[in-house]
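**Q** Hints are included, so try docking the two chains, each in its own frame, into the full complex.
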Amino acid sequence: MATFVAALLNSLDIGMLLFVIASGLTIIFGVLGVLNFAHGALYMLGAYIAFSAVAHVGVPFWVALVTVPFLVAAAAAALERLTISRIYDRHPTWGLLLTFSLLLILDDAVRMIWGVGIHVVEPPKALQGTFTLMGAVYPRYSLFTIVAGAMIGVAVWLLFNKTRIGKRVRAAAVDRDMARAVGIDVSAVYTIVFAFGAWLAAFGGVLAAPMRAIGPAMGEKIIIESFVVVVIGGLGSFPGALLGALILGAIHGFGGRWLPELNIVLPYAGMAAVLLLRPHGLMGRPA
Amino acid sequence: MRATIRSAAIGAAAVLAAAIGSPALAQDSEPIKIGAIYILSGTAATYGEFARDGIQMAVDEINAQGGLLGRKLEVRMEDSQGKANIAIQAARKLVYQDEVDLLMGIDSSGVANGIAPVVSELQRPFLITHAATPDVTGKLCNEWLFRNSVNVNQHMKGAALLAKDLPAKRWTTIGPDYAFGHQSWEYFQKYLAEVKPDAEFMTETAFPQFGAEDFTPFINRIMAAKPDGILISVWGGDLVNFIRQANDLGFFDQDFEILLTLGAATEVLYALGDQMPEGLWAGTRYWYDAKDTPINRQFVDGYYERYGRYPSYNAQNAYAGVYTFKAAIEEAGSVEPAAVAAAMKGLTVKAPIGTYTLRPEDHQALVDDFWGVTKARGDSPIRTLDPVRVFAAADVTPAPSETGCTMQ
Numbered sequence: 006m007a008t009f010v011a012a013l014l015n016s017l018d019i020g021m022l023l024f025v026i027a028s029g030l031t032i033i034f035g036v037l038g039v040l041n042f043a044h045g046a047l048y049m050l051g052a053y054i055a056f057s058a059v060a061h062v063g064v065p066f067w068v069a070l071v072t073v074p075f076l077v078a079a080a081a082a083a084l085e086r087l088t089i090s091r092i093y094d095r096h097p098t099w100g101l102l103l104t105f106s107l108l109l110i111l112d113d114a115v116r117m118i119w120g121v122g123i124h125v126v127e128p129p130k131a132l133q134g135t136f137t138l139m140g141a142v143y144p145r146y147s148l149f150t151i152v153a154g155a156m157i158g159v160a161v162w163l164l165f166n167k168t169r170i171g172k173r174v175r176a177a178a179v180d181r182d183m184a185r186a187v188g189i190d191v192s193a194v195y196t197i198v199f200a201f202g203a204w205l206a207a208f209g210g211v212l213a214a215p216m217r218a219i220g221p222a223m224g225e226k227i228i229i230e231s232f233v234v235v236v237i238g239g240l241g242s243f244p245g246a247l248l249g250a251l252i253l254g255a256i257h258g259f260g261g262r263w264l265p266e267l268n269i270v271l272p273y274a275g276m277a278a279v280l281l282l283r284p285h286g287l288m289g290r291p292a
Numbered sequence: 006m007r008a009t010i011r012s013a014a015i016g017a018a019a020v021l022a023a024a025i026g027s028p029a030l031a032q033d034s035e036p037i038k039i040g041a042i043y044i045l046s047g048t049a050a051t052y053g054e055f056a057r058d059g060i061q062m063a064v065d066e067i068n069a070q071g072g073l074l075g076r077k078l079e080v081r082m083e084d085s086q087g088k089a090n091i092a093i094q095a096a097r098k099l100v101y102q103d104e105v106d107l108l109m110g111i112d113s114s115g116v117a118n119g120i121a122p123v124v125s126e127l128q129r130p131f132l133i134t135h136a137a138t139p140d141v142t143g144k145l146c147n148e149w150l151f152r153n154s155v156n157v158n159q160h161m162k163g164a165a166l167l168a169k170d171l172p173a174k175r176w177t178t179i180g181p182d183y184a185f186g187h188q189s190w191e192y193f194q195k196y197l198a199e200v201k202p203d204a205e206f207m208t209e210t211a212f213p214q215f216g217a218e219d220f221t222p223f224i225n226r227i228m229a230a231k232p233d234g235i236l237i238s239v240w241g242g243d244l245v246n247f248i249r250q251a252n253d254l255g256f257f258d259q260d261f262e263i264l265l266t267l268g269a270a271t272e273v274l275y276a277l278g279d280q281m282p283e284g285l286w287a288g289t290r291y292w293y294d295a296k297d298t299p300i301n302r303q304f305v306d307g308y309y310e311r312y313g314r315y316p317s318y319n320a321q322n323a324y325a326g327v328y329t330f331k332a333a334i335e336e337a338g339s340v341e342p343a344a345v346a347a348a349m350k351g352l353t354v355k356a357p358i359g360t361y362t363l364r365p366e367d368h369q370a371l372v373d374d375f376w377g378v379t380k381a382r383g384d385s386p387i388r389t390l391d392p393v394r395v396f397a398a399a400d401v402t403p404a405p406s407e408t409g410c411t412m413q
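Residue numbers (this note's numbering), protein chains in the order written: chain Z, 6 to 292; chain V, 6 to 413.
A couple of the hints might just be wrong.
Covered by chain Z, according to a simulated footprint, are these stretches of chain V (three or more residues, beta-carbon under 8 Å) [said to hold, decoys possible]:
#1 49-56
#2 214-225
#3 229-242
#4 251-259
#5 274-284
Rather than coming from a laboratory, the hints here were simulated on the basis of the structure. Note that this is a predicted model, so its numbers are computed, not measured. Just so it is clear, CB atoms sit at the ideal spot from N, CA and C, and this is done for glycine as well.
If we strip away everything but chain V, and leave its shape as in the complex, we get (with noise of 0.2 Å):
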């Protein structure tokens, strides 16, 4: 009789294990799925390129090491189009049609006010690898938005450290014609008037059209206004058609200092071979030759064996955002999407560009800035930075308290 009982307790436990293992045996087998969605097509598509090419290689990495927790890595990419309600449009289907359990993208600044949010409806943690703009960490900051990339705030607080060494007192601009021209001008005045009491903020500026294919009358203009030095915010494509223009007009052989924010964006140097001058100070939100570390030559050499090319910020900053997701699920111990995003808050990352934190109060990543003077290099189809300037992230993040992000 006691026999009977515990054999059927013994047969009543095994079920019952059974029941419940079942699941967890089936979830095993699930792919964990990662939603990204950048620009795919139209005039900044590359960027999406790159964010496909960084993210394919970190997932392919973690998967041929088995996966995370068990589980196999999947990537759905979406392509936002730069246009905030497709974007919407594209997250609402990877979570609610795809079910993915992470999120990640976004190229342009405008489209990531758009989602941010949107963000908490879905419910997921969503990790910004691209878009700039401050608010995004700032007054629209919420429980599942992080960014691992640097933002305008701090790109532009390391321009002015770098501007306040050199000589040029007079200052403009020439910026494209959105948010991102004229915040990367606004912040750089504020920053560089801290640190260099004499500074002069010139009130004849540029600002052409978003995808102006001519430049040359801006180009006349500013010469004509005769600065002292011209902090240039154009990028992509824009920045290509620019220099080419400027080289023709004499703008770089004029003694004024130039600084490129976006000028040492890998695709720019590509398209640009020896066109872009020497001896300019550009800038990049990662450059692949800054840091001599084990992991960051690992990554350059991985992605250049596998590419063809030296990998772009877009590319590097999606990559590490794959690898930011891996740090928090293993710190969670579980995909759950809470628990994730808990655990990224203060998480701290180790990636290509360096080690950094995704900062509790305000979930932006802690991240370098990087700096350089373009120079001609023998064995190299692009121009490389030498000497590099990194700005630590401690001297050019703003407090959170600055940043108009509200959350506790």
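In isolation and in its complexed conformation, chain Z is listed as follows (with noise of 0.2 Å):
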């Protein structure tokens, strides 16, 4: 039992931090429909700044949990005002080259900024130590985490579906010449979309910080997860991002504790199967 409640802790807090980076990815390909390449090397500025923030400037990991986030958000902005801007009218392999030439400058700058060390993060004191569940002994951190990741859902749901900003970026989702017609402000909307995106990753970033060594090239490995969890859950799809995170955690933490050999196999397996079967990822909708 104790096994079996590990591994599930284990599924969600890692299902839960890619849902929080993947739900970035997807709400910026929903909106502007551009795939962001470069979502991982947001989520790396995060973990990156957070690092500096606590061990150069001394802040507390909560003040850089709730701050940094928007940091990244802004250069995010405008970064999409400079160059990403200029080619939503072009062919989507446009978009394509661009974010994946603005990942290969932001690897370098994390590089030369920071070094190509490896740093470690503390987790703050009131979240360090382990808890003990059903004879499962786990960190308390990623019991936060699991938490972390289900309220930022909760709340981008209700953003979307509940405030007056959510509506205009549905709008702008569905029909973009349609919105501009009725007055909604689109270029803006697309700033504020990938702002927001960004600030998911980064905020991921934050979050991982205190479980993952930071070391360059960390964006890589995430960005790869990220894509497997929108393509099984649906490109663009909020609750698919949900969805695909979540059997991608299980399969991490279930498949990892019992079946190691197909660990590596297994996601992009699953990734296979689902594009073979349901080709607009489980939740997906066609265009």
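**A** Given below as structure tokens:
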């Protein structure tokens, strides 16, 4: 029983972290139609800036968790204004090339600023240590990750479904020209949405920082996982991101525990299966 | 008449001497070029940086003393990005475009295996200072390829000799899921079975993906299997993640023996600080504090003063690599590649790590193997090793006939 509970908690904490990051990716795609290859770099930027904030500036981790995502979001908004906004009317491959080049630039920028060493961030005192649930010993910080991820999920859902700005965003996503026609400032919406997606990625980065070694190219792994999540869940679907993230979390948590030899293959096998059976993802809609 | 002929002869001789002499003179001002190929980007970029630090320090020291054969040393660094095809391209560029005289490098075992056959085409001595795959001084050995650092074979023999004296009988492993992780386990089993016949090796092992960020499922799995001893060959950033996550799960409070094969690598110790548990056996390819010899103290102090941290094994091995070339060039009396390669065969080199010989049969350095128990030290931000166990090369290096190398 204890091993099952441990695997379940593990699946949830991996899944919730992936959910926060992948939801940003899927929202950006859903509204802007751009596949943001730089998403992993934004996650990494969140983690590195949080590290500097805690280690060099000396702010507590909570402060970093609240403020750093906004810093990254602001930077992302600037990037969007300067570069991405110019290519919305062009073929989608332009978006891929542009975000990919942003990824390379951000990767190297991080390396130049912070060097190539490995860094760690400590979880705040209140969240250090472990707790026991039905015989399973589990880190408190992982529980915090699960709760934080769930709270973000609820907040984003409320944002999109219960607020006026959320309505405007959904309108712009569904039909850009019509939205413009009824007076919605679509380009402002696009900037805000891109910044918001970046906010989610960076929040994921700060959240992950105490659990992962911070090193160069840490964004590479997470972007691949995020893509698997959104493909399984459906590109552009927010509930799909949650479903995909939980599935991938379960594959890692349970698969890693009981089927370790297949551990590398399982996520991709899952993605391939979804693409064959439901090409738009489990919760995606045809375009 | 005779005077005219004589002065003409002297004049001709002078002209000839000048003509033959000038290329030599022109050569004297040409630096000796070393091409270095290491990982400078991506997750393992810290290793390339350490190598660069070590190489630059050695080059500066040698140049300050007048250089080699009256010529300065110069280094060209190239990024292998951890990929064999990129490394091969870089090597070709260094040789054909930059006209380097000597090549050194390679962090990744996969890249080393990929570049080994190409080395013969390049016709330059190639010194490996990091990659530990046994194959480059085994079945892929050739006249141009050398290694001055410890390989997996030697390191696992050291691990086995260590494990022999530990009470643990049932062993398992947690290692990265590629050649290094699997070979480490394979050699460890082979050598431990030889020295401790009653050792058992469990089928329940864990090979998380290299670069995996979450080791928790694997940690839980191995804890549930209740081994007596665990060989952990996870390294670098992965090991940092592993140890932090393992700490949270109470892994180090269980009563099994743990061997961290690359746990004493300084980049890991610096990253973990106090999070590295005490009382664990950890290995490395060079421990800066193991030898109180003048040459080692001078290197460690100089490195610390220059870079603000203790030298990692990658830095020392690259530093010693430059000095290996120096010794070979001095012995050969020239920088001509074939002469240098011939001099490197059987060459003995004095380095901070100790005095080692590049064995003529397979070009593997007979270099010591380092292990120790992690311990806190008040005046240091990183764990130290106390006690340290240094295994002599003769005790851990397999005979040439066992390596699979078939070079004359």
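**Q** Verify this for me: three or more residues of the region 49-56 of chain V with a beta carbon less than 8 Å from a beta carbon of chain Z.
**A** n = 4 at 8 Å, threshold three: holds.
**Q** Can you take a look at whether the region 251-259 of chain V is actually covered by chain Z? Rule is 3+ residues, C-beta closer than 8 Å.
**A** It holds, with 3 qualifying residues against the three required.
**Q** Apply the coverage criterion to the region 214-225 of chain V and chain Z: a residue qualifies when its Cβ sits closer than 8 Å to a Cβ of the chain, and three qualifying residues are needed.
**A** With 8 residues close enough to chain Z, the hint holds.
**Q** Against chain Z, does the region 229-242 of chain V show at least 3 residues with beta-carbon separation below 8 Å?
**A** holds (count 3)
**Q** Please check whether the region 274-284 of chain V has three or more residues whose CB lies within less than 8 Å of a CB on chain Z.
**A** holds (count 5)
Hint violations for this structure: none, all hints satisfied.
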